[in-house]
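If you read the sequences in order, they're chains A and B. Per our numbering, the first sequence starts with residue 1, numbered consecutively. Per our numbering, the second sequence starts with residue 1, numbered consecutively.
Be a bit skeptical, because a hint or two may be false.
Which copy is meant is left open, so a pair is good if it fits within one copy or across any two.
Below are the DSS-like pairs computed for lysine-lysine, each with C-alpha atoms no more than 27 Å apart in a straight line [unchecked claim]: (1) K155 / K22; (2) K248 / K327; (3) K247 / K313; (4) K44 / K207; (5) K313 / K248; (6) K44 / K152; (7) K155 / K46; (8) K46 / K152; (9) K44 / K155; (10) K248 / K264; (11) K103 / K6; (12) K201 / K22; (13) K22 / K6; (14) K264 / K247.
If you are wondering where the hints come from, they were derived from the structure by calculation, not from laboratory data.
Given next are the chains, with one letter for each unit.
2 protein chains.
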Amino acid sequence: MAEALKDVGEFRLIRRIHDLLKREGGVPPADLTVGIGDDAAAYKPKPGHEVLITSDSFVEGRHYLPRYVRPRDVGRRAMVANVSDIGAMGGVPRYALISLGLKDETLLGDVEEIYRGFLEVLNPFGATVIGGNVTGTQNDVFIDITLIGEVKEGKAVRRSTARPGDAILVTGFPGRAAAGLQLLFRSLVPVENPLATAYIKPCHRAKAGASVAATGHASSMIDTSDGFLGDLGHICEESGAGAELFKKRFPVAEDLQYAAELLKRDPLEFFLGASDDYELIITCAGDHVSLIRSAVARACEGPVSEVGRITTKAGKVELVMNDGSRKALTLKGWNHFR
Amino acid sequence: MAEALKDVGEFRLIRRIHDLLKREGGVPPADLTVGIGDDAAAYKPKPGHEVLITSDSFVEGRHYLPRYVRPRDVGRRAMVANVSDIGAMGGVPRYALISLGLKDETLLGDVEEIYRGFLEVLNPFGATVIGGNVTGTQNDVFIDITLIGEVKEGKAVRRSTARPGDAILVTGFPGRAAAGLQLLFRSLVPVENPLATAYIKPCHRAKAGASVAATGHASSMIDTSDGFLGDLGHICEESGAGAELFKKRFPVAEDLQYAAELLKRDPLEFFLGASDDYELIITCAGDHVSLIRSAVARACEGPVSEVGRITTKAGKVELVMNDGSRKALTLKGWNHFR
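Just chain A, with the same shape it has in the complex (with noise of 0.2 Å):
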C-alpha cells in the first residue's frame, strides 16, 4: 500500500529525499563547502561573479490543480519558474533550498516525483538542492523554492533599465499555457495535446537569457510569469517608460488561434493576458536586434519576434491595429488577492 507521511513520519521522509537527491541528482558541485543537512549550507561563491537570489511559491489549487498536473510536472513547473527568473536576469542556476507544506495524507512517493521533477530542470545546469524543510500543513499544500544562480560581475540584465527607441522583443508564443488550461478545464482535449503540454509542462528560456546577457547589448530582460502585457508593464513602470506594440507582428500560434475559436475568445486575451508559459521580453537598441536574435538561437529553438518599441509615454502601452488606428492597453498581470 502507498505510504502516506503520517505513517513514515518527518525524518523518514527527509532521508528518503536526501538518499533520491544521492542517487538521481548529480554530482555535488566542487565549490560546495556544506551540503544538505547542516543548520545552513555553505558554497565559496565563484570570483569575479554576483549572487542572484529568487523564490517563489506555489500553492495547491492556487497554481496549479492535481487533477491536471501529476507531482512530477507539479515540481517540474515549480523549478522553471524559479530557474527562469534567474535566466531573466542573465544567470546561471546552481543552487536550490526547497520548502515545502505537507498534508498527513500526503504520498511519499508523490513527494519523490515532486523532487525528481526539480531535478529534471536542475540537472542539466548541474545545479543542485542544497537545503531546505518539510512543515505539516492542514490544507494547502505548497512548494516554496529559493534559486541561488551567478552571473558575471556587471552582466546582469534588469527590467528597469530600456531606454525609449529601444526595440521589444519576445521569444516564442506567450498565451499557449494559458489557452491549453482553458482547454482542459472544458474538458475539450486530453492532457496530451500540445496547448495543454504548454500549461502542465512550461518550458523556461534560462539558457537564452543568460546568452542574451552575455552579449551586454540587451537594455533590459524579464520573463513573462505575469502575462506578456503584465510584465512589459513592469519593465515600461520601472524604466520610466511607455510601449508602443504593433498587433500584425505578434508571434500567434497557430494552434493558439484555433483554440481561441474554439474557446470564442480574442488569441489576444491570451497572448497578452496572464498565462503560465515562461518566455523572455528582451529590449535593445533597433542597432543589436539581430545580435540578440542570435545569442537567442544560439541557445534554444523557437522565434524571436521584434514586436514593438519602447517610448518616453511612461506608464502607457500602445496598441497599433493593422488599420494604423492606436487602442490603450491596461496594464495589469495576475492579481492574487481579487
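For chain A, the structure is supplied; the task is to place chain B on it using the hints.
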C-alpha cells in the same frame, strides 16, 4: 476600518511592504547590486568568504498559535529561527527572502506587523530583505524565509565534526520556551510571564555563534531548534559519536523548576525535549572550554554550561544521574507528521 488583502489586492500589498522596508529597513548595503523588485536580487559576495544559506517555514496553527503570538512576534520568531541557523554555522546574516502565504481575510496591518518583526531581528545586523513573494492560501497562513549569510572561508562550524572526548557546552537555559507554552495553554500565566515571553519572543545566539567560530576552536556547533536532546543527537549521528550528560550540571532555570512543579512534569522533559528556544550546543576540546566561554561572553549574556562529553559509543546518549547511575536517552526531536 482595517483593510483585508481581498480589499487591497496583491500589488497594493506589495507596494505597502516595499514602502515599509524603505522606511524602517535601514540603508541597503553597498554590495547589493539589484534589490527588491526585479526577477531576482543580486549582490557581490565578499572576497574570502563563503555564502551560507538556510530556510525555514512557519505555518499558523502548527508553529504558532495566533491566540498567543501577535503578528509582530510571529515575524520576529520566524526570523530568529533563521538567524539562529546562520549563527550556528558561525556566520553573519546578510540578506533575507520572504515568501508569505496569506488568506483573503488577512489584514494588511497584520502583514506590516509581521514585517516589522522581521526587521527587528535583521536591523541589528544591517541585514536586509531583498525579495520574496506573496501568494494566496485557503486555510494555512505560512511564512517561509530564506536567509543568506556569510562566514570567513573555512570558518563554518558543522554538526558533523565533534570528536570523542570533547566537552559539550550549552548556552542559556534550554526548555524555558516549552514550559512557557504549556503554561499559556493551561492559562496558568499571563503573556508577560518570563517563561511565556521565552516562548513568544525567543532570542537567538547568532552573535555568540560567530564569535565562537572566529576562535577556530569549536569542533561542532548546532542550535537547539529541535530541542537539546534532538540536536545533540544530530551532532552525535553526523559525527558518528555518542555523548554522556551529567544531570547535575544541567542549567535548569529556577522558574523552569517552579513551572515544572506547577505542571506536574519533570523539568528534564523541558530541558531535553522539543522547545522553542534557540540556544547553542558547542563541542570543543577540554583545553578550549574557557576560550569558548569567553567568546560567548563577548557576544551575549547568560551562562555557558559544560554538561557532558562526546563519547565513542556511536548514536548513544547516556544520562549520568546524581547518584552515578546511568540511563540511556532516546534521541528524538520534533516530528511534524506523527
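Right, here's what the structure says about each hint:
When the C-alpha separation of K155 and K22 is checked against a cutoff of 27 Å, the pair qualifies only between copies, where the shortest distance is 26 Å, while the shortest distance within a copy is 33 Å. Taking CA atoms no more than 27 Å apart as the test, K248 paired with K327 passes inside one copy only; the shortest distance there is 14 Å, against 80 Å between copies. In the homo-oligomer, the alpha carbons of K247 and K313 lie at most 27 Å apart inside one protomer (19 Å), although the nearest pairing across protomers, at 74 Å, exceeds that limit. Taking the shortest Cα distances, K44 and K207 sit within 27 Å of each other both inside one copy (23 Å) and across copies (22 Å).
Proximity of K313 to K248 under the C-alpha cut-off of 27 Å is restricted to the intra-copy arrangement: shortest distance 22 Å within a copy versus 75 Å between copies. When the C-alpha separation of K44 and K152 is checked against a cutoff of 27 Å, the pair qualifies both within a copy, at 15 Å, and between copies, at 10 Å. Proximity of K155 to K46 under the C-alpha cut-off of 27 Å is found in both arrangements, the shortest distances being 14 Å within a copy and 18 Å between copies. Taking identical chains as interchangeable, the C-alpha atoms of K46 and K152 lie at most 27 Å apart whether they share a chain (9 Å) or sit on different chains (15 Å).
Taking identical chains as interchangeable, the C-alpha atoms of K44 and K155 lie at most 27 Å apart whether they share a chain (20 Å) or sit on different chains (12 Å). In this assembly of identical chains, the alpha carbons of K248 and K264 lie at most 27 Å apart only when taken from the same copy (20 Å versus 78 Å across copies). In this assembly of identical chains, K103 and K6 lie within 27 Å of each other by CA distance both inside one copy and across copies; the values are 8 Å within and 26 Å between. Taking the shortest alpha-carbon separations for K201 and K22, only the intra-copy value of 25 Å comes in at or below 27 Å, while the best inter-copy value is 38 Å.
Taking the shortest Cα distances, K22 and K6 sit within 27 Å of each other inside one copy (24 Å), while across copies they are farther apart (43 Å). Taking the closest pair of Cα atoms, K264 and K247 come within 27 Å of each other only inside a single copy of the chain (19 Å); across copies the shortest separation is 75 Å, beyond that limit.
Of the numbered hints listed earlier, not one is contradicted by the structure.
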